[in-house]
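The primary structure of each chain is shown beneath.
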Amino acid sequence: MIASRFPTLLAELRRALGDDNLLANHAEMVVYECDGFTIEKNCPDVICFPRHTADVQTIVRLCNEFDVPFLPRGAGTSLAGGCLPVDGGVLIVFTRMKAIEEINLRDRYAVVQPGVVNVWLTNALKGTGFHYAPDPSSQGACTIGGNVATNSGGPHTLKYGVTVNHVLGVEAVLTDGSIVRFGGPAEDYVGPDLVGLLVGSEGTLVVVTKVWVRLTRDPQGYRTMLAIFESVDAATQAISDIIGQGIIPAALEMMDQGILIALEQAFHFGFPLDAQAILLIELDGLEAGLDEQRDRVVALCDAAGAREVRRADDPKERLKLWKCRKQAFGAIGRLSPSYCTQDGVVPRTKLPHIFRRITEISAKYGVRIVNVFHAGDGNIHPIVLFDEREPAQVKAALDAGGEILEACIDCGGSVTGEHGIGVEKIPFMAKLFAPGDLEVMQRVRTCFNPDHRLSPGKMLPTAGGCGMEHKPKPSPSIDRTHPGRRAAL
Amino acid sequence: MLAQASKLLPLSETCAPATQADLAAQVQACFSAGTPIYPLGGGTALHCAPIGKRQGCGIATTALNRLVDYPARDLTITVEAGMTVAALQQTLATENQFLPLDVPQAGDATVGGALAMNAAGPRRFGYGTIRDYVIGISAVDGRGTAFSAGGRVVKNVAGYDFCKLLVGSLGTLAVVTQVTFKVKPRPAAAAYLVHGLASLEQAESLAVAMAASQTTPVSVNLLMGAAWSEIAEFNLPGPPPAAYFVVGLEGTGAEVEWMLATLKNEWQTAGFPVSRTVGEPEACASLRQRLTEFGCDGGAGTAVKSKLPLVLKLTARPSSVVALVAEVRRLFPSASLLAHAGGGTVLARLDSELQAHELATPLLQVLHPLATRLGGQCTVWSSPFAGELTRSVCWGPARESDAMLKRVKQTFDPKGLLNPDRFIFG
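If you read the sequences in order, they're chains A and B. Final position of the first sequence in my numbering is 489; the numbers increase by one with none missing. Final position of the second sequence in my numbering is 1426; the numbers increase by one with none missing.
Since the hints were derived computationally from the structure, they do not count as laboratory data. Note that the structure is a prediction, hence the values are computed from the model and not measured. Heads up, a few of these hints could be off.
Stated by the list, open to error - Straight line, CA to CA, 20 Å or less: simulated PhoX-like cross-link-like pairs of lysine-lysine:
#, chain 1, residue 1, chain 2, residue 2
1, A, 316, A, 326
2, A, 41, A, 395
3, A, 159, B, 1184
4, A, 126, A, 98
5, B, 1182, A, 159
6, A, 210, A, 98
To be verified - Computed footprint of chain A on chain B; a stretch qualifies when at least three of its residues, placed anywhere within it, have a C-beta under 8 Å from a C-beta of chain A:
#, stretch
7, 1161-1172
8, 1341-1354
9, 1388-1399
As the list claims (entries may be wrong) - The following label-pair restraints were derived from C-beta to C-beta distances:
#, chain 1, residue 1, chain 2, residue 2, range
10, A, 363, B, 1285, 49 to 57 Å
11, A, 353, B, 1414, 39 to 47 Å
12, A, 230, B, 1414, 57 to 65 Å
13, A, 353, B, 1019, 27 to 35 Å
14, A, 359, B, 1414, 49 to 57 Å
15, A, 316, B, 1186, 34 to 42 Å
16, B, 1264, A, 221, 16 to 24 Å
We put the CB at the ideal spot given by N, CA and C, even for glycine.
Bound conformation, chain A alone (with noise of 0.2 Å):
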């Protein structure tokens, strides 16, 4: 867009959504200049708070009139810079579009804005006998309408799936204004499932507007169990022995001495801090079972060398337990002043083995680095700590997490289990797949995307001779006039 036309955009924008749905002052909009990935920052030139689906429609057109890169967010609790406004732009802010529009127990579903935030459903469902199912850490914060941009997972993953498991249909505007219903509250919907294609696109293919999400039957019984091993190898072993077993926990989390110390600083739980790992198993279903499936897995755990396994089948135990472990990235602030979490993936038997080069990679850099793993899923999580304020330990702790990506890769896993690409990962997109992939990814991101205004610059590589992604237009706009952060690196 020319710059001189932007003072019409934003007339055209208050005069469409009033004042108080929009913000245009710098200072106001800093904030929003990030997400949780924070080493690259660029602010919007424009932000929008819709209240409704026809708000997005209209904010949509405008930018397609006035050329301008256009992006939603959730609650901007994304780790990759999935709602990093790359090229300025409008920012389409969901958090004003956040009613629970139908719960329907007996079909099963619930629909939903996309402003949500994830537990405000799961209160709501509270005492009807059903939830929803997806429950990321940061639940208490993050959006449905973000969780399905990035096919959040969560502790649950391993027995209840990812968002797009739980995601029946949505309402989107199209890149052209269009509004489109995709999939809804009955099964298979005649055709390709784009639906699915549709989670998980981070943005970068249409702005959802309404999802139809599934809801599921609550357990009707928890065992919670706190394994203590001497050695990270005991720990995955077990894990690996669980499964082999034929157990699928409901959840199954590790955490290392490092990040154990830091909560034990935090919550005062009383985890013993000499142990190296802990096992946070939980099993669910019917009552029926659970006792039987408990014992096997602490039989299994002492098989493996656990040297103690704790049970927390108190409800309030229980929810302490699990209380620590969704706020580990908040305890993390007594460690150190910046961080930066890693989401790698790997086979789960690969699991001692990515464990040792997460070692030998934290020394080979000199930086400290603590880990909370979804480790049923092989989903690493390991957190690199820095100083954001030392060059050289910034550039330190982005190596150390490439290498430990490059290691997922190179044991056949992924670099994202459940954050994204966003603009942070772009760089091993190219080394997850091979050309043809990526050339066929472009493709389908062209077909939904034809101007690519909706969130440029992220997810697919913008070099490779693909030559359809992002490129800086000549003309001066009104996203040169802050390139951001990302140039200084």
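Chain A is already provided as a structure; the job is to place chain B on it using the hints.
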């Protein structure tokens, strides 16, 4: 299979490449020449869509049938798309694992075909469908470009999820060559509970009771019609029931035992005492087989086998299933039905002596609009006269997402060569 395919489809030639590269080369040749391509798996579902007139090349995946990787402890398996579903299940059984999908004619049906058809059966209520199990995929698009998506780990959000996109695409976007699944441990025990319903109206009360049940069934079925009359397990004392309500349970021994006792109590309280419990492993396997094969050749029991079956598939919100069943029976009094009362899918097996023109009117005027109103769709799932059906009779009215689907189709198959005139794209 190729002989059977040649009878049904306008094939001028067929081939069965043994590698993905050979298959891609074949597609590239067709792309250059503008020759239509008919992807072929086990040939078990060829009659499930209209048949076009354009002569083309049948590309079979049956020589792509190798086991690529089975790290059993990771609960994943990678196979080529031409492996039969039965061979896949046999491999998994050696590690006491399974892919929890009810695929009809599994001895012939291929993994790629099951994916393209989105094959599913009654146990989808408890286990989900193929989209919930595919974690990696390789395929060749309509230009002959080989591509992959996903990977071999159970949790992975890198790149667009073409694993899901190709589910239900009926071979119109790409020819699937390799699939990685996550799999499950086999349940130790299984059982079915049967209630003979005096009237269809009672079915809704029982369905409501099931929706609130403490138990976690893997399938909730409402069965009606002659197809079920010769099953020994359904031979109940007293007058023949109007319909059967059949619930499938799987889990550990203790879980199944508890669910049986609990459901018996719940049904008794709701006024529908259990008529029969099916617990013997052989009887359970046999009943599961009958439920799975309902829409196929084997589904009508020993009766009529001479013609391909005429089967409609209707979907709606689960609470509308009984209404849908009643309407199908009003239009086609001799229809046999299998309704997934928990999920909302109804398979209706009609008299295969019906002619194509006798089917079109009730579909276009009644069932398509009704299913749409109830939140779902009505399609012809299988017919002996696929060549005479129009796309609108077969697949129902257009949906608002169809325009976007067509653009996606154009992206994968710019010349419209993959399964032309068979699916919603034309």
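For each hint, the structure was consulted:
Among the hinted pairs, residue 316/A with residue 326/A is consistent with the structure: their alpha-carbon atoms are about 15 Å apart, no more than 20 Å. A threshold of 20 Å between alpha carbons decides the hint, and for residue 41/A with residue 395/A the separation of about 16 Å falls inside it, so the pair holds. A C-alpha spacing of about 10 Å is found between residue 159/A and residue 1184/B, which places the hinted pair at or below 20 Å, so the restraint holds. Under the criterion of a C-alpha separation no larger than 20 Å, the hint pairing residue 126/A with residue 98/A is consistent with the structure, at around 18 Å.
Distance check on the hinted pair: residue 1182/B and residue 159/A sit about 12 Å apart at the alpha-carbon level, within 20 Å; holds. Distance restraint check for residue 210/A and residue 98/A: the Cα-Cα separation of roughly 10 Å lies within the 20 Å cut-off, and the hinted pair is therefore satisfied. Figure legend: the stretch 1161-1172 of chain B, annotated as covered by chain A; annotation consistent (10 residues with Cβ-Cβ distances under 8 Å, at least 3 required). Coverage of the stretch 1341-1354 of chain B by chain A holds. Counting CB-CB distances below 8 Å, 3 residues qualify, and the rule asks for three or more.
With 3 residues having a Cβ less than 8 Å from any Cβ of chain A, the stretch 1388-1399 of chain B passes the three-residue criterion, so the hint holds. Remark: the range hint 49 to 57 Å for residue 363/A to residue 1285/B is upheld by a beta-carbon distance near 56 Å. As the Cβ distance of residue 353/A to residue 1414/B is approximately 44 Å, the hint placing it in 39 to 47 Å holds. Between residue 230/A and residue 1414/B the Cβ separation comes to about 60 Å, which falls inside the hinted range of 57 to 65 Å.
Distance hint check: the CB atoms of residue 353/A and residue 1019/B are about 31 Å apart, consistent with the given range 27 to 35 Å. Between residue 359/A and residue 1414/B the C-beta distance comes to about 50 Å, which sits within the given range of 49 to 57 Å. Judged by the Cβ atoms, the range 34 to 42 Å given for residue 316/A and residue 1186/B holds: they are separated by roughly 36 Å. Checking the proposed 16 to 24 Å range against residue 1264/B and residue 221/A shows it holds: the Cβ atoms sit about 21 Å from each other.
Taken one by one, the earlier hints all hold for this structure without exception.
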